[in-house]
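Novice: In case you want the letters, here they are:
Number of protein chains: 2
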Amino acid sequence: MVPHLVPRWPAWLFRWRTACTPPCTPGASMQQRTWAGASRTPGLGSPRGAVGTSPLDCRGSSSTSSRAPEVMLTQERYPVQRLPFSTVAEEDLAAFERIIPGRVITDPEELEASNVDWLRTVRGCSKVLLRPRTTEEVSHILRYCHERNLAVNPQGGNTGMVGGSVPVFDEIILSTALMNQVISFHSVSGILVCQAGCILEELSQYVEERDFIMPLDLGAKGSCHIGGNVATNAGGLRFLRYGSLRGTVLGLEVVLADGSVLNCLTSLRKDNTGYDLKQLFIGSEGTLGVITAVSIFCPPKPRAVNVAFLGCPGFAEVLQTFSTCKGMLGEILSAFEFMDAECMQLVGHHLGLASPVQESPFYVLIETSGSRAGHDAEKLTSFLEQVLGSGLVTDGTLATDQRRIKMLWALRERITEALSRDGCVYKYDVSLPVERIYDLVSDLRARLGPQAKHVVGYGHLGDGNLHLNVTAEAFSASLLGALEPYVYEWTAGQRGSVSAEHGLGFKKRDVLGYSKPPAALQLMQQLKALLDPKGILNPYKTLPARA
Amino acid sequence: MVPHLVPRWPAWLFRWRTACTPPCTPGASMQQRTWAGASRTPGLGSPRGAVGTSPLDCRGSSSTSSRAPEVMLTQERYPVQRLPFSTVAEEDLAAFERIIPGRVITDPEELEASNVDWLRTVRGCSKVLLRPRTTEEVSHILRYCHERNLAVNPQGGNTGMVGGSVPVFDEIILSTALMNQVISFHSVSGILVCQAGCILEELSQYVEERDFIMPLDLGAKGSCHIGGNVATNAGGLRFLRYGSLRGTVLGLEVVLADGSVLNCLTSLRKDNTGYDLKQLFIGSEGTLGVITAVSIFCPPKPRAVNVAFLGCPGFAEVLQTFSTCKGMLGEILSAFEFMDAECMQLVGHHLGLASPVQESPFYVLIETSGSRAGHDAEKLTSFLEQVLGSGLVTDGTLATDQRRIKMLWALRERITEALSRDGCVYKYDVSLPVERIYDLVSDLRARLGPQAKHVVGYGHLGDGNLHLNVTAEAFSASLLGALEPYVYEWTAGQRGSVSAEHGLGFKKRDVLGYSKPPAALQLMQQLKALLDPKGILNPYKTLPARA
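Taken in order, these protein sequences are the chains called A and B.
All residue numbers for the first sequence refer to the UniProt record's numbering, where the first residue is 1 and numbers rise by one.
All residue numbers for the second sequence refer to the UniProt record's numbering, where the first residue is 1 and numbers rise by one.
The hints are simulated quantities; they were obtained by calculation from the structure and are not laboratory data.
Heads up, the beta-carbon is just placed ideally off N, CA and C, and yes, glycines get one too.
Possibly wrong hints are sitting among the right ones.
In silico DSS-like cross-links for lysine-lysine, where the CA-CA straight-line distance does not exceed 25 Å [unchecked claim]:
1. A:Lys326 with B:Lys326
2. B:Lys534 with B:Lys127
3. A:Lys453 with A:Lys326
4. B:Lys326 with A:Lys301
5. B:Lys453 with B:Lys301
6. A:Lys301 with A:Lys326
7. A:Lys534 with B:Lys528
8. A:Lys326 with B:Lys301
9. B:Lys326 with B:Lys406
10. B:Lys528 with A:Lys528
11. A:Lys528 with B:Lys534
Part of the chain A face toward chain B, derived, beta carbon under 7 Å [unchecked claim]:
12. Asp107
13. Pro518
14. Ala520
Please build the complete structure, drawing on both the sequences and the hints.
Specialist: Here you go:
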């Protein structure tokens with residue numbers, strides 16, 4: 001892609017680099033950046049076996065069973081009481097059929113994929129799935145449900161990590177799958193307006209053909225919906241460069257609990273007319289309204305992308321590499337990810353991916369995105385000379401072409417998949433002061449000892465976001481007891497966040513108090529009561545159950 | 001500053017550049033980037049004369065009067081009714097004195113600067129100004145005022161454009177001026193936590209000494225408070241590069257109307273635990289709570305800054321220059337500002353600043369900020385070759401040293417000041433689709449004819465943000481009638497925003513409906529009622545008066 005770059009590398013660096021000219025991941029086929037390898041309906045028919053037996057991501061290591069065994073019903077596994085909503089009756093189905101003819105799904109086989117989350121940890125028993133195509137249809141449906149006191153579970157691509165996207169009991173599933181139209185794209189400003197059900201990867205392709213990129217990218221891109229991304233305030237891989245959706249989402253159209261439509265779908269970079277209502281819905285996980293359309297600012301497509309994959313001798317060196325990198329790569333730095341040695345062992349063992357660099361205690365993936373390939377290469381060269389020369393990095397490889405870039409990214413992005421094949425997984429997603437981020441992993445490893453099979457840490461170091469995962473052969477109450485509330489208390493002790501980017505959904509709603517004070521919880525409850533007085537929107541999610 | 005750059009410029013460009021080696025602004029002294037030249041209390045003792053006679057920014061061209069004449073009381077000029085709040089009594093003053101001994105100001109002379117906005121267009125008649133130092137003191141004050149039903153006007157640097165920062169009647173002025181302490185700064189992450197009354201310029205200096213910059217910069221930096229910046233969701237000059245405060249503000253501490261403290265002062269890049277309450281207060285102009293502390297993400301200080309000042313033959317060429325610029329300067333572009341020929345005439349006539357380039361219908365100021373001076377210079381050279389060669393730009397000059405950069409910026413930043421010396425100013429701040437942005441200026445010029453002295457357009461083109469200003473010798477109801485609601489209707493017709501960055505405050509609250517639908521207004525009113533049921537916080541601001 002940028003062949004003229006090669007001669008610019010200093011000779012020693014070129015040797016270092018060419019040491020990895022053969023494919024870095026022998027035995028691994030090209031992988032799309034999607035959960036579980038590009039399945040559009042993750043969790044559905046995925047080749048992972050074993051029954052989940054805990055509130056966690058638990059499965060065996062088999063990858064050959066043709067059909068995953070049933071997941072235990074959420075209402076049986078968790079101490080949760082159904083709230084006094086109405087139950088869907090024949091007359092309700094008839095009413096829905098009048099609003100969206102032919103798009104009222106009641107077939108249990110079809111419903112299964114929408115009742116179970118992709119991690120196969122929670123399972124609702126909804127009897128009906130609705131597939132509106134327009135905002136007006138969503139409005140009619142919600143107005144009807146509001147009048148009838150029927151609970152509703154809005155659902156996008158169902159790729160969430162915290163059980164927020166599936167029903168807990170028999171909530172009506174309101175899917176955005178057919179709301180997948182681009183409404184407009186402005187070729188000068190890069191502002192995209194689209195329906196909420198557009199799949200992130202398809203939007204990426206759409207804007208990339210027009211020389212822009214989406215401001216967010218995440219492993220689930222092949223399945224997740226932009227509406228779901230916004231509803232969960234997704235972070236992901238481009239956060240370091242393009243920031244939060246709170247800055248890049250310019251407008252939203254939302255249907256409120258009573259069916260009224262709130263049209264704040266502006267396409268303006270700046271608008272200070274009154275309170276910014278769209279912010280209420282970003283990250284509220286479908287509990288305050290149903291997002292039906294999104295206006296989002298897309299940055300110009302970078303002309304040059306490079307990925308360096310480096311081995312570091314310790315976490316202190318990872319941190320110093322990060323500081324050096326910020327200073328020397330500056331505005332072209334677009335990702336700084338890290339993973340520990342156990343992560344690399346897992347992707348090697350379960351997915352057959354080999355490390356492209358010599359075995360190291362830590363690995364770092366650095367991505368640059370810039371407008372001039374030659375300049376970016378020079379900056380990277382200087383940086384690599386510096387970190388290699390000073391011993392911060394002991395080995396590394398660099399990719400400038402699309403195929404090898406994807407291969408290097410796969411090492412980082414497929415950790416989730418490798419973990420899921422390792423047994424029962426206890427997942428945590430925390431924000432911490434960057435200098436303390438790995439202490440939690442080390443502490444836990446010492447605390448758990450042989451109780452855990454693996455204790456691994458990886459994540460978006462540039463954002464202070466650690467993905468901490470613990471695996472075991474099977475669910476163990478004593479292991480869970482050793483993990484919780486320890487992890488949450490440890491995080492709260494550092495004034496960290498117990499959910500950096502995954503949200504709270506159903507599974508984490510009760511830990512909100514570790515990161516927010518009582519006054520904040522009270523105001524959140526008041527906002528919920530204001531916007532959804534009957535509580536029909538995604539009940540049992542985000543906010544703790546009231547005492 | 002970057003002397004090694006010069007030889008890299010092609011010979012013809014070097015000539016072009018050196019044509020402006022003498023100071024670009026003969027006769028102009030160095031100006032700080034502050035309103036009216038670095039006054040800490042703009043509007044107070046500023047050298048602008050003449051009585052304001054309209055709801056606008058009206059004054060004569062005299063710059064010699066030692067004391068500005070009185071501004072008409074807002075309650076006399078506007079059709080506004082005092083709401084039934086209590087009136088401050090002696091016992092209240094005694095109570096305040098117990099909370100903040102020695103910091104209860106009742107001297108009319110001292111109060112004057114806080115009762116009148118810096119544009120000298122609105123004037124309250126508050127009898128008391130309170131200067132708390134701590135959040136606890138603010139909490140005690142608000143709890144007291146809430147119980148006593150006393151209205152409160154939170155005030156930062158009083159640099160707002162829409163009359164949001166001064167009382168309308170006799171509201172108690174709650175100043176953040178003494179809440180000016182930095183609480184913490186993290187030298188790796190660049191996260192600054194400080195009290196709300198810190199002056200933006202002082203924070204800039206503080207973080208620049210530590211190799212970071214504030215993510216926002218604006219003309220009023222010498223006076224404005226960070227709390228006020230956040231409360232008004234200030235945009236400014238770095239928006240193009242670092243985005244909205246909604247993305248860069250990481251946490252807030254806010255005192256609610258009843259005196260309770262909402263501590264969401266986290267210092268984390270990512271935190272998805274529940275609803276993001278701080279967003280409610282960003283841009284709500286002190287009507288929902290009083291911001292007492294701010295946590296904000298500061299980007300690394302760029303190692304090289306360049307400013308190019310260019311002349312364009314028409315607005316179509318300005319737009320094409322912008323597109324070319326985005327493509328060729330990419331990630332180093334940090335500002336793209338434009339001004340028309342009449343703006344240049346005004347800064348020349350009133351401030352003695354001379355154009356550094358030959359007379360042109362339009363001027364563009366482009367700033368780059370990057371991590372490697374040589375690379376930035378090469379990108380700029382390529383870009384300038386392209387726009388000069390293709391005729392998009394007819395003349396230009398470039399500054400790489402701090403002194404000349406400030407001089408070029410002064411041409412753009414001091415337009416506000418030049419306008420204020422031109423007579424009665426009618427000010428509009430709108431967002432529009434970028435390709436239509438100047439049509440509004442041209443339309444108005446034709447519509448107003450000789451009624452107006454000047455109709456000028458300038459602003460942040462990169463953000464689609466036009467500052468449209470009309471001047472006349474004196475206030476004229478017929479001119480106002482020709483402007484309004486025409487400007488608002490024109491903007492609404494393009495789905496623009498009638499307040500891009502200035503907010504609504506008191507003067508624009510009634511035009512909110514041009515940019516937001518009735519359902520949004522209703523929800524805003526509900527939020528106000530939820531957070532401030534007695535309506536004591538900054539009454540008569542942001543939201544339209546209820547029918």
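Novice: Compare the structure with each hint and give your call.
Specialist: Status of each hint after checking the structure:
no.	hint	result
1	A:Lys326 with B:Lys326	holds, 23 Å
2	B:Lys534 with B:Lys127	holds, 21 Å
3	A:Lys453 with A:Lys326	violated, 35 Å
4	B:Lys326 with A:Lys301	holds, 11 Å
5	B:Lys453 with B:Lys301	violated, 42 Å
6	A:Lys301 with A:Lys326	holds, 21 Å
7	A:Lys534 with B:Lys528	holds, 21 Å
8	A:Lys326 with B:Lys301	holds, 11 Å
9	B:Lys326 with B:Lys406	holds, 23 Å
10	B:Lys528 with A:Lys528	holds, 15 Å
11	A:Lys528 with B:Lys534	holds, 21 Å
12	Asp107	violated, 34 Å
13	Pro518	violated, 10 Å
14	Ala520	holds, 6 Å
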